[in-house]
Each structure stands twice: as C-alpha cells, then as structure tokens.
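Colleague: Protein chains in written order, with my numbering: chain A, 1 to 248; chain B, 1001 to 1322.
Simulated from the structure, these hints should not be mistaken for laboratory data.
Treat the numbers as computed from the prediction; the structure is a model and nothing was measured.
For every residue, glycine included, the Cβ atom is placed at its ideal position computed from N, Cα and C.
Any given hint could be a false lead.
To be clear about the criterion: a stretch of chain B counts as covered by chain A if any three or more of its residues have a C-beta under 8 Å from a C-beta of chain A, and this derived list gives those stretches [unchecked claim]:
(1) 1107-1118
(2) 1165-1179
(3) 1197-1203
What follows is a list of derived Cβ distance ranges for each label pair [said to hold, decoys possible]:
(4) K1151(B) / S130(A): 51 to 61 Å
(5) S183(A) / T1192(B): 31 to 41 Å
(6) S183(A) / E1029(B): 37 to 47 Å
(7) P1034(B) / M209(A): 26 to 36 Å
(8) S1066(B) / S183(A): 24 to 34 Å
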Amino acid sequence: MVGNGELQRTVLMATCVKHIFKLKMELQCHIKEHLTMYRHFFLWRAKKTINKIKRQPAAKLLQSCPTLCEPIDGSPKGSPIPGILQEALDPPLDDLEVNETTTAAEVIKYEYHVLYSCSYQVPVLYFRASFLDGRPLALKDIWEGVHECYKMRLLQGPWDTITQQEHPILGQPFFVLHPCKTSEFMTPVLKNSQKINRNVNYITSWLSMVGPAVGLNLPLSYATAASQDEGNVDGQDSSIERKSLEEH
Amino acid sequence: MTDDKDVLRDVWFGRIPTCFTLYQDEITEREAEPYYLLLPRVSYLTLVTDKVKKHFQKVMRQEDISEIWFEYEGTPLKWHYPIGLLFDLLASSSALPWNITVHFKSFPEKDLLHCPSKDVIEAHFMSCVKEADALKHKSQVINEMQKKDHKQLWMGLQNDRFDQFWAINRKLMEYPAEENGFRYIPFRIYQTTTERPFIQKLFRPVSTDGQLHTLGDLLKEVCPSAVAPEVFWDQVVASDTENVLCLNSRDHPQIHRMDCSTGRSQPESKWPPSPPQRSPGPSCDGETQVPVTLLIGIPPYLKPSLEFSTQTHSNGVSVTDN
C-alpha cells in the first residue's frame, strides 16, 4: 500500500526541522489510537485533500509541505533564498475523522521545489506529481487539478501559467508555475509591511500565495513560526504550542 | 543592425542534413525506409518533423503509435533545445548526415518533456523570448507588444519566414541610445561534460569602468573551467577563420573581433566592416557555413576542442563544448 518507508522519512525530516510539526503528530496519535501513527497520518492527509480536490474523488493525494531545510546551495536554513525543499508534514487544520479507503483509490505523490530565477529575480515553484507506481501525471491532469478558486486565472492563459519545463539543475521534466507576474503581486505585500514596520519572510508570503493553486497549502503555523523565529525563540515555545492547539 | 542582415540570414537559414530511421523494435506492417530532411538549426524538432511522422506512420498500425520521440546514439533528444544546439552538443564531430532514430513507444518520461501539440512548442518558445527580454529590458519591450506581435514572432519561426520574424524581433534587439547595451546578456552555456543542463548567470555587457565585455570575458567569469585564458589565445585555429567572432551579431550589436595573432580584442561598433569571411567550417559538407562558426582548440590533455557556435538559442548565445 503506502510506501511506509516514504512516510517514515517524511516524519523524521519534519521532526528534526520544526518542533511544531512533531507536536501535531503526537496530537493525532491520541485521537486515533487504534491505528499506527504513520498509517493514521497518511489517511488523515488523504482525507483532507479529497475535500479540496473535488474533481478527483477517487484519488487520494499524499502531499508534501516544504520546509526551508537543507538548501543545496549551502545557504543557511530558513534563508530567503532556498535551495531544494525536502518533504515534510502537512499539519492538520480541521476535522480529523478518518475515512476508510476505497479499493479504487489512487495515491498521488507531489514533490515541490523552490528555485531562484536570476532572470526574473524571484523564486519559482517547480513541482512534479506521480502515482505511487511511478506513472507521472500529465499537464492536462495538473490543469484539471488546480483549485476552483484559481481555475479562472488558469483558463485565461493556461500556457502562461503552468507548463512542463526542464528543471534547471536536475535536467528532468517538472511542472512550473510561471514567475513573470510574481514581482507584480509581491511588491504591494512588501510595501505594506514596510509601512507598518513588520518583517516579512518573502518565501513564506510568496509560497502561501502561489502554493495553493497547485495543491500546496502552507499552514498558518508556518507563518507564525517564521515570525516567532525572528523575534527570538526561547521563551515563546509555549505560545507556539498554544497557537497550534487552537488551530485544531 | 541592418548591416548585419547577411549574417542574420545565414544564421536563420542554417541547415543540418538529417537521416531519420525508425527504431528497429517498432512494429511495422512493411519495411520502413529512412527519411531524409534538412533541419533548420534555429527551430525545434517537433515543429519541423510532421513529414517524418507521417512517413513512418504509413507503415504502422494506429494502435502501435503513441507520442513520437527522437534519439541519437541512445540519448533521447530534448525537443525543447534548438536543433542546431542538439547537433553541436551531440553529433558535430560525426559525419553528416546526422542519423536520428525515431520512436513511437516507451516515451522516456524522466528525460523528455511531452509535446502533444504545437501549442506546447509555442508556449516554450515564447517563454524563452520573454525570459530573454526580462534580462535585456526588464520585460518592458515584450510586455508593450501586442498579442498579435507575439503571434507574428511565433508564426515567423513556425513558417520559416525570416522577414516576418525579424520585423518583430528587431524591437527586442534594440536598446536606448544612452545605454551602452542591454541590461544583461541573455545566454546559456551548454556542455556535455556537466551534470547541470546549462550555465546561466547574470552578465552585463559593459564593465563597471565602461569597457565593453567580450565573449572571452564572459567565459572567464561564468565558465572558467572550460577555458584557460592563455590557451584560449594560443590555440585559436586560424585555418578556419581569421577573426574570432565574439558574441553573435544576431544578439548583440557590439561585436568584438579578437585578432588571433596578437590575442587582443578590439570592439567593433558595427559588424561586419567588410563582407564576412566565408570559409566553411570543418564539420560541414562543403556547403557554405555561417562564417561566424569557429573552432578554438585547447591542448588535448584538457579537451579536444571548444566550439563556439553562434547559432543562437532564442535571443541568447549558445556556446557548446565538445
């Protein structure tokens, strides 16, 4: 069934990077004690994404959430110019009722990379999607899977929005969310936060805007954790925990 | 730029004689004859091989046919690279015609982009043009153009119409008089020896003290391992061309001619000052090749040769390393 190896790796990655994710995992153990931790986690995530992607009721999506860890270009963790992101966990935001799987269900695995474009001088989201047996999704499938809210924009110019391109470092086919409009929508975000004297983590803000269009939902805790990190962590661990609990 | 028209035409009309053979394991109803075609260097494989596809599909059953893809000596050919680039990278040291194998099964998902329709090629081409303009003009020129101008660029390429293409492209090649050049030079360096598909970095045409940069400067900064500067000068092969041309005139009006004997470069404000030297390159079959193709030798213990092909890649220079 599920590549348990895959999940285990994912769990370990998340725990070593963000303590907040580990916390959420423990929470879920309490809720569904009869399931092993990993299997439970997988089923929960699948259910959440079923609700989101209405077009594919038979498909279960195993999604990865990026963390700014281990950038390949050697930049420090969490720096604004990330290298390749690793898989991590997607913490729960809503009801944790677990559906039993249907035998016809298919799991789709997504892999997201954030790269920096020196031509446009903005980050760019690259991703690929495949079934667990390795069969990749086609561009048509990706377009169909785009969330309803973003469908209009996609249909206005699908060829300008999401296409298949060669990954500039790996040389393999990836889907890309075109970056030509990024600086256009990021500028007001940066300007506004400057006005109110608030620090903005460019990547978190940017990713929270573009990610959801292609199935990558950045949890709120990401932003709060990022801004907490900037303001010195120590005494604030408890408040982070409290916030994450509230989100359930 | 009007003086460069000859060179621009030569670049545009560059051709590679190619022989297409069906992969032996494909299922056919009769024997498939090879198909010969002159491929335009500046275009894309999937854009110019409709006839090839039709030719082979005539001897196959519909159920045995899925997406076409091409391969040379075991390497799947990336259709999204210009044909001239693919040839220079993989086959320029082999005898002509270029022998390409045609496949209709087992599409290599991990290596090649899909190309189900011409729209995909158009999208790819336009995104290259846009990225190049982002570097040259902060996207101002391309964004000010109307949709029909974009379409004309594409149709010019698709239908092999030099004038139609250049009517629009020349706007992308201009820069304001007060500037000394583009903001950054759009280029990519392809090498067969590296893991990465290509090298692309920001590079200004003018240095901080106002000197115009040459191709040699660019290579030294961006790709130092490929060229040892002292060798660069010594080993210029003078038999093919007397003047080493730096930066294709199609892309950059400042052409620098490096004098082989002295190793010094002098900027030329227009190119060429006199009719271009028309000496055929060694890899062509006697047909007049674009005079700007040059071979620069490097001592054998480093690399066999470093070929600068000034066949461009969508408004950028493509420099390949054999």
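Colleague: Could you work out which of the previously given hints the structure breaks and list their numbers from low to high?
Modeller: 2, 4, 6, 7 and 8
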